[in-house]
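A.B. asks: This is what each chain is made of:
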Amino acid sequence: MKRRNFIYLTGVGATAAMLPAIPVLGNEISPERALEYIDPAAKKIMSDVALNAARSKGATYTDVRVGRYLNQFVVTREDKVENIVNTESYGIGIRVIANGSWGFSATDKMDRDSIAKAAELAVSIAKENARLLIEPVQLAPQKGYGEVSWKAPIEKNSFEVPIKEKVDLLLSVNDAAMKGGADYVNSILFMVNEQKYFASTDGSYIDQDIHRIWPTFFITKIDKTTGKFETRNALSAPSGKGYEYLDAKPQDKIQTASGTLYKGRYDMIEDAKQAAVQVGEKMKAKSVEPGKYDLVLDPSHLWLTIHESCGHPTELDRVLGYEANFAGTSFLTLDKWESKKFNYGSKEVNITADKTEIGSLGAVGYDDEGVKCGKWDVIKEGILVNYQAIRDQAHIVGLDHSQGCCYADNWSSVQFQRMANISLQPGKQPLTIADQIKNVEKGIYIVGDGSFSIDQQRYNFQFGGQLYYEIKEGKIIGMLKDVAYQANSQEFWNSCVAICDQSDYRLGGSFFDGKGQPSQSSAVSHGSSTTRFNKVNVINTARKIG
Amino acid sequence: MAILTKEQAKALLTKAISYSKAEQCELNLSGSDSGNIRYARNSVSTSGGISTNSLVITSAFGKKSGTATINEFDDASLEKVVRRSEELARLAPENPEFMSFLGPQQYGTDSPTFSDSTAAMSAKERADAVQASLSQAKENKLTAAGFLSNRMGFSAMMNSKGLFAYNKATNVAFNITVRTQDGKGSGYATRGYNDFKKLNTKTDTAVAAKKALASVAAKAIEPGKYTVILEPTAVAVMLENLFFNMDARQADEGRSFMSKPGGKTKLGEQLVDERVNIYSDPWNAELPTAVWASDGRPQQKINWIEKGVVKNLYTSRYWAQKTGIKDIPSPDGAIMQGGTKSLEELIKGTEKGILVTRLWYIRSVDPQTLLLTGLTRDGTFYIENGEIKFPIKNFRFNESPIIMLNNLDEMGKSERTVSAESDTNYLLPPLKIKDFTFTSLSDAV
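Quick note, the sequences are listed as chains P and H, same order.
Under the working numbering, think of the first position of the first sequence as 585, with each following residue one higher.
Under the working numbering, think of the first position of the second sequence as 307, with each following residue one higher.
Hints may be right or wrong, so weigh each one.
Lysine-lysine pairs mimicking DSSO-like chemistry, simulated, CA-CA at most 30 Å apart [what the hints assert, rightly or not]:
1) P:K868 to H:K695
2) P:K711 to H:K430
3) P:K924 to H:K490
4) P:K924 to H:K699
5) H:K719 to H:K695
6) H:K444 to H:K516
7) H:K531 to P:K812
8) P:K711 to H:K490
9) P:K641 to H:K430
10) H:K566 to P:K1128
11) P:K870 to H:K699
12) P:K693 to H:K316
13) P:K763 to H:K628
14) P:K924 to P:K956
15) P:K870 to P:K763
16) H:K628 to H:K490
Keep in mind the hints are simulated off the structure, nothing from the lab.
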């Protein structure tokens, strides 16, 4: 689902009202129907119809995705339930190579004739487009796995939890926020189940069941005299888990100078209580003095900086120019990788790509072109060592296999290269958050993600957060506001001087990483421990509009 | 299912509604056929054809409502989906903000949103259009990446209170980035139309190619406040953040740039320069949009900002009823009245300034002031004594569209343009703005 559809449906953010009507969210269904699972044998029959039809029309390669995409939202504000939505999107997407060119077609009509017709259309599109090719598509070899399956290792299927339980939770969250002094609170539970079946002429028939959950809230406090307002968003992370994500145990909580932070699981009511207090503190916070500061960045914030300044520039399609017209290209050009000495960051910086990390948003058994997923180094001791590739790019960087980064956000979307979980590895020496703060003379400790923007080659970025704490001579002396930091990716990662150890490692992430034309969303996680960056440029964002 | 005519849609909806046993029932029927082609590195990459349709049924008992959807339209399926929506309605919690469905509405005459030439587009027409674009780039020894998509669709609604509405529409979107082979220059063009015949991919590619060649060897100049000329597509991504935030409830609740101390709003007040007039008009010949909103309310010509004064805010039906304000739905597009000058004439009249051809990655920094950040992209140029002197490196900006429209110097002629951030079509002029705030340099090309 697209980010703006989510905003439209949930009514969050002021942008809600003017957005166009929901285009491809899927069909609304009853909650019970989400618990049904289509027999893989039936999906195999449909897939074979498409594979055979495409082959008979001249396709030299075909893959088929029979996809059932389920979403459930529970949306509330203050003491009201605003919306409960269950959607299902079910259909088939057929991708072929004919005359050396890709072709794709999709339909939600699942009878034999409609599937065969869609396969024929995909082949005819491929043949039509072949005249626009410079060279034919080359696929990295991929063995067929036969009939296999993969299920996300969740403990509690969110779709089995009664709606009433979810409504009660959110209304308790809202109550905690309002009692704590908030003027408004919107809270949302967003649950996803992707039931994907992949078949290809390589001989794979792969059935996968993937779950994701994102509990979140947005709290607003208004000073009625001045008309000023402040917000504080939830410090939850969208997660590749089941409903157990909402059952936080003491070991899931980290006590810091900014209150409780969450690791692995999330206590939504507790966070709402502290958010209501913190939004009040934000109103009284000191406006930041612009200048250079040492930044101590919490994983609830740093995930987004990793995503934008490392995740995107190491995507091979961007490096090669496939995204030049929309998302952009990359400063991490092939010559920098070939040199084996491009210092992306300091020696502390080790960044991995991982499609298997349990509980992450990107974890799957196989990608959307039937490649078994794995883990690899992208930045090693500060040096660029690898990219993220799919089958039709692997040969360009001398790989004899795909890295399994192919994904489509729906059966009706064509699969292409999407970001793996890209994570900053923890420091090897014992180091706590308290140690990090103690070592800083003049700095800012930032928690939670906020405003974000980066250029089309991923050099220049600007980030805000949820909570900013001023550090002076090793101590937090109060809260700041109007903070944003601007940097160049390479300079920023070279200013990385200390990373907390494994005990602080946490995942953040997004349901809505947008890329491609037509634009598609992908969900991805980014892990890190609290990290220090020296002498980063901080600006003051306060303005007056009369 | 092909695109249904008004009569066919009415017949299908009438049959479906006949199965309803709810106190109220509302149906939304839609269908579309779309196609797209994408290219990069001077070669086709991905492409596709997608066909979908759906019938959404909402049944209501008191303030409880339930919705179900189907894409099969035989009698048994229709009855089943109506029953399912009724079951869901009975199980739903009461929504205190539920509004009874609208009765019959008077819509204006249909607006010309449908074009036969776009409806007839096939993979061949798309490939031909891309071929024209690619040959233009290759002739200039440049590298092109682009996207062409077309869609035809219809939507219809009917409810148990007698409302019926129908619209069919087509649109075609094209955007192209042309880069020099050494990666030192980049140019962009974007177009959106209802009618495919208006699109000329060769001409648009030539515009992008010219910018790519002209932007090579960009010089770095200091960030700071500059007079800028924003081309319409750059204006679009700034102003749509103003349009998206003109919601009455957000303003009344005190959490919008439109809010004032003491629960008041800036409605009726001078917000920006008195030469600014922003409106929406479903019947505008260059930007036709549907004459009804998705909840059935009529779309009218609405002045949002007139002579710099905020005249209207859009609202949900619930909020309009609760507060007694005018019940206006959000529009499908927006128009800013321009001047008479061309872009070239604006440049000619500029002593010192910067031409911004595109802005990118726009994000809100502060909702209270509508402060946005983002970057220039695909061709930024220094102007001196009425001429483009040299290309400059890209900047990051931090600026509010409200401050920008207060610093208005001059406007050019409005034209149809597309936001590269939201894909929404607008009619907007190029704008000359004083003291636009650039905060840092970017190495990106």
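A.B. asks: Holds or violated: are the alpha carbons of H:K566 and P:K1128 at most 30 Å from each other?
C.D. replies: This hinted pair holds, its Cα atoms lying about 13 Å apart.
A.B. asks: If you draw a straight line from the CA of P:K924 to the CA of H:K699, is it 30 Å or shorter?
C.D. replies: At roughly 28 Å apart (the allowed maximum being 30 Å), H:K699 and P:K924 satisfy the hint.
A.B. asks: For the pair we were handed, P:K763 and H:K628, check the Cα-Cα distance against 30 Å.
C.D. replies: With a Cα-Cα distance of about 25 Å, the restraint between P:K763 and H:K628 holds, given a limit of 30 Å.
A.B. asks: Taking only the CA atoms, is the gap from H:K719 to H:K695 under or equal to 30 Å?
C.D. replies: OK: H:K719 and H:K695 at ~23 Å, within 30 Å.
A.B. asks: Taking 30 Å as the top limit, are the C-alpha atoms of H:K628 and H:K490 close enough?
C.D. replies: Not OK: H:K628 and H:K490 at ~57 Å, beyond 30 Å, violated.
A.B. asks: Assess, step by step, whether the Cα of P:K870 is no farther than 30 Å from the Cα of H:K699, and give holds or violated.
C.D. replies: 34 Å, violated
A.B. asks: Does the structure keep P:K924 and P:K956 at a Cα separation of 30 Å or less?
C.D. replies: Distance of about 27 Å is within 30 Å: holds.
A.B. asks: Holds or violated: are the alpha carbons of P:K924 and H:K490 at most 30 Å from each other?
C.D. replies: 24 Å, holds
A.B. asks: Is the hinted pair P:K641 and H:K430 satisfied, with a Cα-Cα distance of at most 30 Å?
C.D. replies: With Cα atoms ~18 Å apart, P:K641 and H:K430 stay inside 30 Å; holds.
A.B. asks: Given the proposed pairing of P:K693 with H:K316, does the C-alpha separation stay at or below 30 Å?
C.D. replies: 23 Å, holds
A.B. asks: Please verify whether P:K711 and H:K430 have alpha carbons no more than 30 Å apart.
C.D. replies: OK: P:K711 and H:K430 at ~10 Å, within 30 Å.
A.B. asks: Does the alpha-carbon distance linking P:K870 and P:K763 stay inside the 30 Å limit?
C.D. replies: Distance of about 25 Å is within 30 Å: holds.
Violated hints, listed in ascending order, are 1, 8, 11 and 16; each of the other numbered hints is respected by the structure.
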